[in-house]
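Chains as they are written, first to last, in numbering that gives the first Met the number 0: chain R, 0 to 567; chain B, 0 to 281.
Hints in this document: simulated from the structure, not taken from any laboratory. Misleading hints may appear alongside valid ones.
On the chain B side, residues computed to face chain R include the following (Cβ under 7 Å) [unchecked claim]:
no. : residue
1   : PHE61
2   : GLY63
3   : GLU81
4   : THR83
5   : ALA276
Ranges between beta-carbon positions, derived for each pair [stated by the list, open to error]:
no. : chain 1 : residue 1 : chain 2 : residue 2 : range
6   : B       : GLN141    : R       : HIS320    : 45 to 55 Å
7   : B       : GLY256    : R       : GLY453    : 34 to 44 Å
8   : B       : CYS14     : R       : GLY388    : 39 to 49 Å
9   : R       : SER154    : B       : ASP265    : 47 to 57 Å
10  : R       : ASN140    : B       : GLY160    : 55 to 65 Å
11  : R       : ARG150    : B       : GLU253    : 33 to 43 Å
12  : R       : ILE384    : B       : ASP258    : 22 to 32 Å
13  : B       : GLY256    : R       : GLY99     : 51 to 61 Å
14  : B       : ASN274    : R       : ALA502    : 36 to 46 Å
15  : R       : ARG184    : B       : GLU253    : 57 to 67 Å
16  : R       : LEU274    : B       : GLY160    : 21 to 31 Å
All C-beta atoms, glycine included, are put in the ideal place defined by N, C-alpha and C.
Here's the letter readout for the chains.
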Amino acid sequence: MKNEINIRITGEAGQGIISAGMMLARMYTDSGRHVFAIQDYMSRIRGGNNFFQVRAATKPVAAPAKQADIIIALDKEAVEASKAALAPGGVMVLDAEKFGIKDLENGRINAPIYALAQEAGGPLYANSVALGILAALTCDNFEDAAKTVAREFASKGGEAALRNAQAARKGYDYAAGNIKDPAFRLAAAPHDRGCLLAGNEALALGVISAGCKFYSAYPMSPATGIMNTVADHAARYGIIVEQAEDEIAAVNMAIGASFAGVRAMTGTSGGGFALMCEGLSLAAMTETPLVIALIMRPGPATGFPTRTAQEDLLFALHAGHGEFARAVYTPGSPEECFLAAKRAFNTAERFQVPALILSDQYLGESFTNIKFPDTACEPPDRGRILKNGTTPGTRRYEYSDDGVSPRAIPGRSEALAAADSDEHGPEGHITELAEVRIKMTEKRLKLKMAGLAGEILPPTVVNPGAKTMLCGFGSTLGVLRETCAAAKETGFIHYPQIWPFPADATLAALKGTGRVLTVENNAGGQLAGLIRRESGVHAAGSVLKYDGRPFTPDEVVSALERGNQDGA
Amino acid sequence: MEPNDFNSADPVAWCPGCGNFGVQAALKAALAQLGKEPRQLLLVSGIGQAAKMPHYIKANFFNGLHGRALPAAAAAKIANRELTVIVTTGDGDCYGEGGNHFLHNIRRNVDITVIVHDNQIYGLTKGQASPTSEPGMKTKIQPGGVILAPFPPLETALALGCGFVARGYAAEREHLTELILAGIRHKGFSLIDVFQPCVSFNKLNTYEWYARRVYKVGPEHDAADKTAAMALAAQRERLPIGVIYSGAKPSYGELSGLDGMPPLVDADISNVDINPALADFR
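With the hints as constraints, model all of the structure from the sequences given.
Structure, rendered in structure tokens:
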């Protein structure tokens, strides 16, 4: 029995790869395994080559594996495309007749996937046949697959459920009778499987849980999943999800709604965020609470729309003209995405600043099972909002020790609400006075930064002062964790909040260490530069990856062993 | 309420003789007739001379970015449907920088009133062509004269199905007051394009120029007749002012379900139970 197995289902867009992969992941979590699943897909709706790769194990897993023990190829192109991804001793299951392949190389197994699918009703059911085959190879029982299929199609009606169940059964029976290889049996370790969800979904749940009532965005991969999840639940929670005409409208709508007194946000990726920069600056100037989820993908420009990168760290830190305080959260897991969303809303309202949540395609769209965090954590704290009965003449931008002024909500207090993108005096009207300018700049930048710096989410630190200390932010948390478990004398520091930068915690974690390396999904080593600037620590190098794909722990381990610090 | 109840203490920075004073007076008079208090009103603007208006009227105000008044205003209304939301914008702000928002907020049809101070020139940046400038008008940037075709706001709004399309003239204050009041009372996106002479930079479209061309739409015009409205809007020699088109159509609030809910701003978010949503992922 294996304690871990990696499975890739691959084919062209439109073949139901994600649906099959999700069923597989659910089959494993429902039957007592842990999973981590990545999606690798092209920016097209039909054709090309996509895959969904599931890592299933008896212990929790938080990163993908480089290679797969079993690959199921649903079209001919996938056979070649996934050739190098087959692990030593692994098998690739393919439909030799359908793909016109006469001689099967070693490690390739024929299965009449499409003939079986046809028996169940048509080629549409090939993905359920694949699920049945995998159930036979790895679970040795059909019940797990049957339950999963029933659940998946419960809402789609009897016909779909029946035919998919038949397809899965046919795949199972064929594999049980014809593929005699017990090498892939996966042990189970029953546990409270918790939830199976992706980072974007967890983030969206955090948004709903935080009491967000208005989400405006323009569709953009890989951030759209957040909007989808919020929209799914909008009616129940009384949330308006508005598809804006562009990202400029999206951010200005979120600001307008927030000004009018509701928790509001927007979400996008790099190109859309570029369009939002003026709005970000407006939120800061008007001291209107604003939350933006920035789900990174490789750029510049359109880049790789459906792939992953951590290229926009410095962009997120510096976006928007002028000088102002902000908070930037960089969650590393679905749990941290949920918490970051709730914290971001509290920070935005308490300090009346923009709060960014910086994630990426890999974290946002990879699925894993987690024990869901305490849903009552971070209860909403709306900061200083004026209640009815307050003095009508309360000034919107009144000076204060911490830079935060009481905020009137239009129509909900005797005081009038004011917001001005021009430099303004305490009452909110335009001014050109030098001394007012100085005090307002200090209010928006220095005083608020001091407050934010007192509430930084603490970094995760493992083996502080180890011979080699790795540094990362955002989506690399799982990779850092697994790398340190596998590599000798290695520890890590991971930042769930990168701004304000926790310099003291960094110095404490890195004290006495032999070498400091950053692990980043970018080419520029942006985190290394930030650490140098903010703490004075010079990293000896960086393990960098910028091919649009996520790290795997073994890549980082081998980079450490090679002493290669410039690329994975 | 009296117009003076909406007086602001903020000193006005417009040029003496500016058409904006007429719009300001008409807006105050309309607000007084409407009978709502300053705290029930929200004035939203972008950037430009017209965008300073919210500083000069006592009400809640949001003076945002150039071109971006409409998205902020629409969302504020969505957040609190009890507010009366009025946008004061200009031809550059609304039809140029914010053109995309103009198009799509007519489609969105949130119940807001948009007053466009249309002076056919850029005032705040000192005299460049605007989207509505007359072809041939010479400026420092267009020394050979404007060569772009002017943007037709009324026809554009009509083509997009805007439910309330009107045009006023800053020198016709009482007439403009009526238009503004009708616009506020119309449920949905209301456009009031206002001819507003710029005494400092527009030497072509002066008070005299407008006086020779502007005429009030008479009772013979059926404002519910879209074809007749289009014909009026297309006039270029003589320039009609009045309600060009007015017709009921479902607003965003009705279609989205917002009108049947308590205002979003009043939702209690102190203890949102996420478990029903979480059930999908268990």
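> Is 51 to 61 Å right for how far apart the beta carbons of GLY256/B and GLY99/R are?
Replying inline: For GLY256/B and GLY99/R the Cβ distance comes to about 54 Å; the hint holds.
> Between ARG184/R and GLU253/B, does the beta-carbon spacing fit 57 to 67 Å?
Replying inline: holds, 59 Å
>> Is 36 to 46 Å respected by the C-beta to C-beta distance linking ASN274/B and ALA502/R?
In response: Holds - the Cβ-Cβ distance for ASN274/B and ALA502/R, about 39 Å, lies within 36 to 46 Å.
> Does the Cβ distance between ILE384/R and ASP258/B fall inside 22 to 32 Å?
Replying inline: Between ILE384/R and ASP258/B, where Cβ atoms are some 25 Å apart, the hint holds.
>> Within 55 to 65 Å: is that where the Cβ-Cβ distance between ASN140/R and GLY160/B falls?
In response: holds, 60 Å
>> Quick check on THR83/B please, does its C-beta sit within 7 Å of some C-beta on chain R?
In response: With Cβ-Cβ at 9 Å, over 7 Å, it is violated.
> Does 47 to 57 Å hold as the CB distance between SER154/R and ASP265/B, or does it fail?
Replying inline: At roughly 33 Å between Cβ atoms, ASP265/B and SER154/R fall outside 47 to 57 Å, so the hint is violated.
> Does GLY63/B meet its interface restraint, that is, does its C-beta lie within less than 7 Å of any C-beta in chain R?
Replying inline: Since the shortest Cβ distance to chain R is 5 Å, the answer is holds.
> Is the gap between the beta carbons of ARG150/R and GLU253/B within 33 to 43 Å?
Replying inline: Roughly 38 Å apart at Cβ, these two residues keep to the hinted range, so it holds.
>> Holds or violated: the hint that GLU81/B contacts chain R, with Cβ atoms closer than 7 Å.
In response: The hint holds - GLU81/B has a Cβ within 7 Å of chain R, the shortest such distance being about 6 Å.
>> Does the beta carbon distance between GLN141/B and HIS320/R stay inside 45 to 55 Å, or does it fall outside?
In response: Violated, since GLN141/B and HIS320/R (Cβ atoms, about 28 Å apart) do not stay within the stated range.
> Cβ-Cβ distance between GLY256/B and GLY453/R: within 34 to 44 Å?
Replying inline: holds, 42 Å
When the structure is compared with the earlier hints, violations turn up for hints 4, 6, 9 and for no others.
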